[in-house]
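What follows is the residue order along each chain.
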Amino acid sequence: MSDLLLTGGRVIDPSQSLDATADVLIVNGTIEAIGPRVASHAENRDGLETIDCAGLVIAPGFVDVHCHLREPGREEVETIATGARAAAAGGFTAVCAMPNTDPVTDNQAAVGFIIRQATLANASRVYPIGAVSLGQRGDALAEFGEMVGAGAVAVSDDGKPVASAHMMRTALEYARTFGIPVADHCEEPTLAKGGAMNEGIVSARLGLKGIPSEAEEIMAIRDILLARLTGGHVHLCHMSTRGSVELIRWGKDRGINVTAEVCPHHISLTEDAVEGYDTNAKMNPPLRTADDVAALQEAVRDGTIDLIATDHAPHHYDEKEREFADAPNGVIGLETALAVNITWLVASDVINLPTLIERMSCAPARVFKLPGGTLRRGAPADVTVFDPALEWVVDPATFRSKGRNTPYSGKTLKGRARLTLVGGRTVYRDGV
Amino acid sequence: MTRPLGKDLLGLEPLSGDQIRLILDTAEPFKEISERAIKKVPTLRGATIVNLFFEASTRTRVSFEFAEKRLSADTVNVAASGSSVSKGETLVDTARNLEAMRIDMVVIRHGASGAARFLADRIESNVINAGDGTHEHPTQGLLDLLTLRDYFKRLAGLKICIVGDVLHSRVARSNIWGLTKMGAEVAVCGPRSLLPSAIEEMGVTVFDRVEAAIEWADALNILRLQLERMQAGYIPSLREYNRVFGVSRERLERAKRDVLILHPGPMNRGVEIDSDVADGPFSVILNQVTNGVAVRMAVLYLLSGGRPELAEAAKKSGGER
Numbered sequence: 001m002s003d004l005l006l007t008g009g010r011v012i013d014p015s016q017s018l019d020a021t022a023d024v025l026i027v028n029g030t031i032e033a034i035g036p037r038v039a040s041h042a043e044n045r046d047g048l049e050t051i052d053c054a055g056l057v058i059a060p061g062f063v064d065v066h067c068h069l070r071e072p073g074r075e076e077v078e079t080i081a082t083g084a085r086a087a088a089a090g091g092f093t094a095v096c097a098m099p100n101t102d103p104v105t106d107n108q109a110a111v112g113f114i115i116r117q118a119t120l121a122n123a124s125r126v127y128p129i130g131a132v133s134l135g136q137r138g139d140a141l142a143e144f145g146e147m148v149g150a151g152a153v154a155v156s157d158d159g160k161p162v163a164s165a166h167m168m169r170t171a172l173e174y175a176r177t178f179g180i181p182v183a184d185h186c187e188e189p190t191l192a193k194g195g196a197m198n199e200g201i202v203s204a205r206l207g208l209k210g211i212p213s214e215a216e217e218i219m220a221i222r223d224i225l226l227a228r229l230t231g232g233h234v235h236l237c238h239m240s241t242r243g244s245v246e247l248i249r250w251g252k253d254r255g256i257n258v259t260a261e262v263c264p265h266h267i268s269l270t271e272d273a274v275e276g277y278d279t280n281a282k283m284n285p286p287l288r289t290a291d292d293v294a295a296l297q298e299a300v301r302d303g304t305i306d307l308i309a310t311d312h313a314p315h316h317y318d319e320k321e322r323e324f325a326d327a328p329n330g331v332i333g334l335e336t337a338l339a340v341n342i343t344w345l346v347a348s349d350v351i352n353l354p355t356l357i358e359r360m361s362c363a364p365a366r367v368f369k370l371p372g373g374t375l376r377r378g379a380p381a382d383v384t385v386f387d388p389a390l391e392w393v394v395d396p397a398t399f400r401s402k403g404r405n406t407p408y409s410g411k412t413l414k415g416r417a418r419l420t421l422v423g424g425r426t427v428y429r430d431g432v
Numbered sequence: 001m002t003r004p005l006g007k008d009l010l011g012l013e014p015l016s017g018d019q020i021r022l023i024l025d026t027a028e029p030f031k032e033i034s035e036r037a038i039k040k041v042p043t044l045r046g047a048t049i050v051n052l053f054f055e056a057s058t059r060t061r062v063s064f065e066f067a068e069k070r071l072s073a074d075t076v077n078v079a080a081s082g083s084s085v086s087k088g089e090t091l092v093d094t095a096r097n098l099e100a101m102r103i104d105m106v107v108i109r110h111g112a113s114g115a116a117r118f119l120a121d122r123i124e125s126n127v128i129n130a131g132d133g134t135h136e137h138p139t140q141g142l143l144d145l146l147t148l149r150d151y152f153k154r155l156a157g158l159k160i161c162i163v164g165d166v167l168h169s170r171v172a173r174s175n176i177w178g179l180t181k182m183g184a185e186v187a188v189c190g191p192r193s194l195l196p197s198a199i200e201e202m203g204v205t206v207f208d209r210v211e212a213a214i215e216w217a218d219a220l221n222i223l224r225l226q227l228e229r230m231q232a233g234y235i236p237s238l239r240e241y242n243r244v245f246g247v248s249r250e251r252l253e254r255a256k257r258d259v260l261i262l263h264p265g266p267m268n269r270g271v272e273i274d275s276d277v278a279d280g281p282f283s284v285i286l287n288q289v290t291n292g293v294a295v296r297m298a299v300l301y302l303l304s305g306g307r308p309e310l311a312e313a314a315k316k317s318g319g320e321r
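Chains as they are written, first to last, in the working numbering: chain A, 1 to 432; chain B, 1 to 321.
Treat the hints as calculated values from the structure; they're not laboratory data.
Just so you know, these numbers come straight off a predicted model, no measurement behind them.
Every residue gets a Cβ at the ideal spot worked out from N, C-alpha and C, and that includes glycine.
Mixed in with the good hints there might be a few duds.
[To be verified] If the Cβ cut is set under 7 Å, some of the chain A residues that face chain B in the computed set are: (1) Phe113; (2) Ile115; (3) Gly200; (4) Ile201; (5) Leu206; (6) Gly207; (7) Ala273; (8) Glu319; (9) Glu321; (10) Ala389; (11) Trp392.
Take these sequences, add in the hints, and give me the full structure.
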């Protein structure tokens with residue numbers, strides 16, 4: 001691993017309120033210096049590789065707190081290695097893997113397996129999230145302490161809501177011991193049962209069973225109230241409705257320890273994408289209305305929604321190539337997240353690039369207490385260099401992920417990662 | 001080859017009023033064929049049609065089969081049970097296999113909304129939706145329109161109320177699109193738990209009381225209430241449903257004028273409709289069935305490339321295809 005000098009880029013690091021044209025010197029895998037004249041001081045170093053970053057943005061690496069890497073159990077759909085490489089190609093230097101694997105990641109040995117596979121993959125960092133309950137069955141707590149000891153960074157029964165309020169309360173209380181968030185998939189199961197898309201005029205027309213916004217909101221407020229009761233940290237996954245945003249705002253105004261994420265698809269697409277029964281527009285929570293999209297965008301801007309996470313959910317194409325109601329939920333997102341966020345949030349002036357980097361890098365690292373999210377001197381050099389203006393057409397065949405299930409296929413998006421460094425090591429490089 | 005309807009008939013929502021009128025007008029000359037002693041014309045001779053029924057159906061399947069046979073098409077019926085479908089074959093594989101046999105048309109009935117569209121997007125053959133989940137049942141909608149037009153001599157300005165389980169009804173959706181496109185006023189009436197929550201956005205009025213609906217309407221289209229809805233907790237009991245929403249002679253007699261009665265069948269007598277209404281003087285339920293064959297002949301003819309202005313001649317000579 002050679003030392004690197006990134007020259008002439010726009011360095012944006014919200015963790016130190018930095019936004020300036022500068023050089024970044026990386027020595028022994030850590031950030032050594034940032035400044036306008038670093039290059040002239042570093043010129044004579046042996047083995048220094050210089051990369052011209054003029055016209056590009058240099059940012060702390062993106063951190064995705066919500067993705068599904070399918071290993072163990074569904075290696076034909078994704079592996080930790082392909083997922084970690086997809087992450088690198090998308091500018092993510094670290095991702096958190098949800099525990100709905102087969103077997104479920106609900107014990108220290110399973111957590112250790114993911115850490116090992118991630119080490120072997122040698123791409124972006126992968127942090128395991130352990131299950132809240134054994135087998136995600138919702139009846140007995142998993143061993144949070146041992147999982148954290150093995151490297152888990154949070155707990156979640158994602159994909160399945162923690163249906164029992166008592167179980168959620170206990171999880172929030174117990175998680176305090178280890179200082180980890182409990183990430184919940186907010187869905188009132190009896191209300192959402194059998195639903196395939198947002199409940200509204202489109203579901204009425206298409207004859208598909210709808211999932212009302214209230215199915216999410218009932219659980220969101222339950223979780224917020226339980227966080228108030230317990231003092232635990234609840235993290236609300238993939239928020240999709242205006243009502244949820246209002247409830248989170250209510251909770252934060254009262255100092256309740258709640259954080260929340262939104263996915264790129266929920267700030268860019270509406271239920272109209274389901275038209276024609278496109279199974280690549282099927283996810284849970286479902287795509288909602290234009291009004292919800294506007295509320296979520298505003299919540300990203302004002303910080304009510306702390307961070308953007310992908311909910312990267314690869315499926316085999318056979319599984320998506322079927323009747324809408326029978327197709328599985330989920331879309332991939334690691335390799336399109338940056339571009340979707342730039343296209344729908346930055347290019348349309350909802351937020352600026354520093355805010356985007358805060359929501360994709362600094363905030364996720366801070367909320368999940370992960371290393372990264374900063375370019376401070378001495379920090380591991382987890383760095384993303386991206387071109388915020390580059391327009392490209394999404395072609396799923398080119399993805400590093402094994403998944404092809406994206407609703408953006410064929411769309412022209414703006415913004416693309418050019419160089420991804422993990423601990424100063426190049427894990428992705430294209431065009432620089 | 002002209003294709004006045006496009007490649008497929010998947011629903012009435014995508015059709016224009018002119019296209020719907022064309023189908024109804026084309027059905028007129030075909031009605032007469034079924035009244036003949038020898039009910040057969042050579043119009044679709046040499047065409048192969050598969051009736052692919054993933055859900056049990058008697059009326060619709062038989063109606064399509066008669067329509068096809070009276071037009072001299074070669075037809076094959078495939079039922080989900082006893083076919084490769086029951087061995088776990090996917091819909092896309094079923095579609096590709098049918099395509100490989102070089103068939104001309106597929107009539108599909110399927111339990112999943114969007115299944116007909118799914119098939120149509122993947123095969124060259126014409127696809128006719130014979131009911132997909134809770135989405136649409138366009139030929140049922142068309143035969144309802146034809147029956148109403150026969151009686152009232154017009155559709156524009158008519159007031160039609162659809163009564164019952166609109167939430168789960170593909171017949172209701174096709175009726176709503178077809179009727180509104182033809183200028184009729186449409187209302188629905190049923191327990192709110194069996195109406196889509198966004199129903200008003202579909203351009204219809206909602207009546208909570210069936211008495212008010214009867215007072216308003218020129219015709220009622222009464223939907224079958226599936227027993228499963230009670231089991232799934234949408235309504236407490238069939239008995240109460242009949243007491244609150246059932247169309248009875250007594251309720252009809254209280255109305256200021258006569259109300260025409262339609263029902264797509266099969267009927268639950270004594271639940272959504274009382275027998276003396278079903279068998280009464282204003283019931284056109286059997287006319288609907290008769291018209292079903294004519295409408296389906298018209299759809300088959302138009303999708304196969306038949307020219308609408310030649311439909312009258314087609315039934316004599318075989319026509320131009």
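For each hint, the structure was consulted:
Taken as an interface hint, Phe113(A) does not check out: its beta carbon lies about 32 Å from the nearest beta carbon of chain B, beyond 7 Å. Proximity of Ile115(A) to chain B is violated relative to the hint, the smallest CB-CB distance being about 37 Å (cut-off 7 Å). This hint holds: Gly200(A) has a C-beta 5 Å from the nearest C-beta of chain B, less than the 7 Å allowed. A hinted interface residue such as Ile201(A) counts as satisfied when its beta carbon comes closer than 7 Å to some beta carbon of chain B; here the least separation is about 4 Å, so the hint holds.
Hint status for Leu206(A) relative to chain B: holds, with the closest Cβ pair at about 6 Å, below 7 Å. Evaluation of the Gly207(A) hint against chain B yields a held restraint, the C-beta minimum of about 3 Å falling below 7 Å. Taking 7 Å as the C-beta contact cut-off toward chain B, the hint placing Ala273(A) at the interface is violated, the least distance being around 14 Å. For Glu319(A), the interface hint is violated, since its Cβ never comes within 7 Å of a Cβ in chain B; the closest pair sits about 10 Å apart.
This hint holds: Glu321(A) has a C-beta 5 Å from the nearest C-beta of chain B, less than the 7 Å allowed. Here the hint on Ala389(A) is broken, as its CB sits about 36 Å from the closest CB of chain B, past 7 Å. Using the Cβ-Cβ criterion of 7 Å, the hint placing Trp392(A) at the interface with chain B is not satisfied: the shortest such distance is roughly 27 Å.
Checked against the numbered hints above, the structure breaks hints 1, 2, 7, 8, 10, 11 and satisfies the rest.
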